[in-house]
Each structure stands twice: as structure tokens, then as C-alpha cells.
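Protein sequence lines correspond, in order, to chains F and B.
Oh and the first sequence: position 202 is 202 in my numbering, straight run, nothing missing.
Oh and the second sequence: position 122 is 122 in my numbering, straight run, nothing missing.
Don't take each hint at face value.
Derived list of chain F stretches under chain B, where covered just means 3 residues or more per stretch with a C-beta under 8 Å from a C-beta of chain B [unchecked claim]:
1. 46-52
2. 66-77
3. 81-92
4. 177-187
Just so you know, these hints were derived from the structure itself, not from any lab.
Values in this document were obtained by computation on a predicted structure and should not be read as measured data.
Here a beta-carbon is modelled for each residue, glycine too, at the ideal position from N, C-alpha and C.
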Amino acid sequence: MRTIPIKTVIDTVADLCRTANNNIGGDVFKALQIARRKETSPIGREILDQIIENHKIARSKKLPICQDCGYAVIFLEIGSEMRVRGDLYGAINQGVRKGYVQGYLRKSIISDPLKGGNTDDNTPAIIHAEIVPGTRLKITVAPKGGGSENMSSVKMLTPGDGIEGVKKFVLDQVLSAGANPCPPVIVGIGIGGNFEYAPYLAKKALLRRIGKRHHDSYYARLEVDLLRSINRTGIGPMGLGGRVTALDVFIETFPRHLATLPVAVNLNCHVARHKTAII
Amino acid sequence: MKNTAIKITAPLTDKVVRSLKTGQKVLISGTIYTARDTVHKRLYDLITRNKPLPIELNGQVIYYAGPAPTKPGYVIGPIGPTTAGRCDRYTPALLKLGVKGMLGKGKRSTEVINAMRKYKAVYFAVTGGAAALIAKSVRSIKIVAFPELGPEAINALVVKDLPAIVAIDCRGRNLYESGPKKYRNKVKKEKK
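All chains should be modelled from the sequences, with the hints used to inform the complete structure.
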């Protein structure tokens with residue numbers, strides 16, 4: 001049984017909060033540069049130029065890429081042969097507090113959904129944990145902004161709706177979202193599971209590296225088909241028209257109840273933030 | 001093709017507003033005012049109750065924005081646009097009182113566009129997620145109204161060459177409609 005000090009968890013989470021907000025992933029940056037080359041709309045190109053320039057500024061000056069520093073969504077893979085002496089979730093929240101305060105990141109969490117009141121430290125985090133074999137603790141911090149989150153949706157399709165029903169739901173969602181999720185977007189899709197599990201799959205899908213296809217060729221093809229359809233909507237950068245509306249589409253699947261076909265779409269804006277550390 | 005950005009200064013005159021066409025790239029200098037949901041509701045309440053307003057609205061440019069905290073050595077934290085649509089219901093009343101320009105992101109409602117046509121105002125799109133870049137154009141910041149709202153107070157920002165795009169002009173030409181339409185390929189609508 002391996003013991004990990006609480007302080008290591010706190011400091012690691014704090015660091016991940018800051019770096020996730022300041023340094024966009026290399027795959028996303030590269031995808032934006034490719035999008036800039038592909039985009040034929042002059043306004044779309046101007047927008048992509050600004051987005052790319054902004055990443056350079058944010059990285060070199062250690063500033064958040066976007067003023068919406070997001071909800072701290074955290075994925076844990078907890079090794080079954082590892083333990084943290086003390087309150088693991090408490091430590092993670094302490095790390096978020098430290099990262100958001102010391103990193104001059106915006107505090108966007110309201111403590112009561114209807115009564116209001118900012119928590120002033122961007123806690124609590126939303127923590128998704130899985131227990132895996134081994135002695136390591138893997139932490140992924142994926143700050144999620146409100147604009148794109150507002151444009152996400154889950155639907156209980158019926159098994160008869162099938163793949164065409166899934167495609168229609170995804171496309172309809174992207175079309176009705178329009179400019180609001182700050183295109184070009186990254187589309188996370190969850191198919192199967194249950195009412196609460198499909199959205200989790202969709203959010204997990206957003207962690208994938210741009211360009212990496214689903215391991216099953218059936219879903220890989222669906223990802224490519226949807227990406228093509230979405231880019232043909234003409235929505236473009238910031239919804240002002242163009243050829244690049246989405247940078248990629250990722251699908252995660254899970255077995256479903258025989259009477260249901262849950263589908264969830266979690267849109268991410270182009271500021272797709274996630275950083276991982278393994279302790 | 002409107003490829004060169006033209007420089008304009010806030011507050012805006014009617015003449016400048018009328019000259020701006022949808023799709024035009026601009027660089028905005030002068031003084032603009034940040035105002036988000038809460039402040040809009042406050043102003044709207046004062047207007048409908050015929051009470052005096054804390055700032056003169058005539059000619060002014062509003063920026064829908066709530067910045068990240070300011071790091072030492074900087075004038076302001078990253079300050080990209082927030083979704084303008086959430087303030088749509090309060091906007092016609094502000095346009096009636098002379099607000100000439102709005103900076104934000106996302107579509108506006110039909111009521112807002114009609115008011116823009118009637119009272120001559122223009123809506124500019126600022127790039128979302130380019131917040132650190134936008135912050136570079138802010139030279140100073142001063143709270144001018146509702147200080148009790150903290151980060152949601154009305155701030156006067158002195159800006160130099162803030163990049164924006166005319167998304168909806170004072171004649172109601174809407175780039176959120178015409179843009180995607182131009183780039184939409186003929187996709188067969190999937191019927192269930």
C-alpha cells in the first residue's frame with residue numbers, strides 16, 4: 001500500500017488549475033493553426049488569428065486564456081493499492097482554491113443554485129473518480145466554461161432511432177447553439193449508459209487528443225461523418241460564417257438498457273482546457 | 001472585401017454609426033463601459049421608474065464583459081466578451097436613451113435589432129476566448145457606478161485599438177444570418 005502525502009495532492013491540483021487555464025494543449029493549438037489554413041472566410045481567419053495570438057500571450061505572460069476560468073471539473077484514477085492519509089476530496093478542493101486564488105483566475109461558482117452567493121474561491125470542484133488497479137493517483141483538471149456548457153444537452157432516444165437519430169440530435173444541437181458556444185467547438189458525445197452516465201461519457205470524451213479516433217471503426221467513421229456535417233453548417237468561427245465550425249468530434253460509448261438509447265452532447269468552445277498529472 | 005480595419009472612437013456619433021457596415025473590421029479607442037446582467041436590470045428598473053441614471057448614456061458604447069482578476073503590474077485581467085443575448089430584454093430601453101454601440105458575442109433578438117434600426121446603434125462582435133489579447137488594448141479602468149456590485153459594477157475602460165467586427169449594423173444587416181448562409185453547403189436535412 002503506497003501512501004501519498006496530502007500536500008502533494010494540493011500542490012499538484014493547484015498547479016494543474018493554473019497551467020490548464022494558461023497553456024492550451026499542443027494538439028488544440030495545432031488544430032487551430034490548421035483551421036486557420038483551411039478557413040476561407042476573411043472574418044473567420046481574422047478571428048482565428050486573434051485566438052492564436054491570444055494563446056501566445058497567455059502562455060508567455062501566465063495569464064488565463066479566457067476570463068471564464070470555468071468550473072473545476074476533475075477526473076481521478078485512484079489506484080487500488082494507493083491511499084491518501086486524510087480527506088482526498090478536501091485536498092483537491094484546497095488545491096483548486098490555491099490555484100484559482102494564487103493564479104488570479106476568475107471565481108465563478110455560486111454556492112446555492114437558486115439563492116445565489118459566490119463561493120469566492122471557485123470551489124467546490126466537480127470530481128469524477130474511478131478506481132483502477134495499481135499504486136498511482138492520476139489527476140486530470142479540465143476547467144469548463146459556462147457558455148459552451150449552456151449549449152449542451154442530453155436526450156433519451158429510443159433504440160429505434162438508431163444512428164440516424166443520434167446524428168440528427170447532434171446536428172440539431174450544434175445548429176441551435178450557433179454562435180453561443182464560441183465556435184470552432186469540440187464536440188463530446190456520449191452514447192449509451194443511463195440518463196446520468198451519457199453526459200459523463202460526453203464530458204470524458206472531451207479529454208481526448210485532437211485527431212485521435214475511436215478505437216472501434218464504426219464509431220470512428222461516425223465521428224468523421226459528424227465532423228464533416230458540422231463543418232458544412234457554415235456557422236464558422238464565432239458563428240459569423242466560415243468553413244471551420246468544429247475542430248473535432250469525439251464519441252464515448254457504454255452498454256445501454258435494452259429499452260433506451262441515451263445520447264448526450266457536451267460542447268466545448270475552442271478554449272479546450274485539460275491538464276493531467278500522475279502522482 | 002472589407003479587409004482593413006478602420007479606427008473609430010467612443011463615444012460614437014450618429015454619423016459614424018451610419019457609416020459602419022456589417023462585416024467591417026474596426027479598432028475601437030476612447031472610453032467604453034462594462035455592463036453585465038445585474039447592471040442592465042438595475043438601469044432598466046431606474047429607466048422604467050423614471051429615476052435619474054448614474055451615467056450619461058447618450059453616444060456611449062457598452063461592453064458585455066466581466067474580467068478575470070487583475071494580476072500585479074497589469075491594468076486589467078483578461079477581459080473577453082460575454083454572451084450579449086442575456087441582456088437583450090433590457091437593451092431597447094438603453095438604445096432609446098442614446099447608447100450607440102454594443103460589444104459582445106452571440107446573436108441578438110429581433111426586438112434589439114429593430115431598436116438598433118430605430119435609434120441608430122451598432123453591435124460589434126469581439127472574439128470570445130481571446131481575453132488576454134483584448135486586455136492589452138485597455139489603458140485604464142475606473143468604477144463609475146454601482147460600486148456595491150463589486151466585479152459587476154459599471155467600469156469606464158479607456159481603450160486603444162480594441163479589435164472588433166461589425167456584426168449587426170444600424171440597418172439591421174446581420175452577419176450571424178448572412179455569414180453562415182454564405183458558407184453553408186447544400187446539406188440534405190435529415191428527417192426522422
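Now the hints, each set against the structure:
Coverage of the stretch 46-52 of chain F by chain B holds [criterion: at least 3 residues with CB-CB distance below 8 Å; count 4]. By the rule of at least three residues with a Cβ nearer than 8 Å to a Cβ of chain B, the coverage given for the stretch 66-77 of chain F holds, with 4 such residues. Coverage of the stretch 81-92 of chain F by chain B is violated [criterion: at least 3 residues with CB-CB distance below 8 Å; count 0]. Beta-carbon proximity to chain B at under 8 Å applies to 4 residues in the stretch 177-187 of chain F; the threshold of 3 is reached and the given coverage holds.
Of the hints listed earlier, the one the structure fails to meet is number 3.
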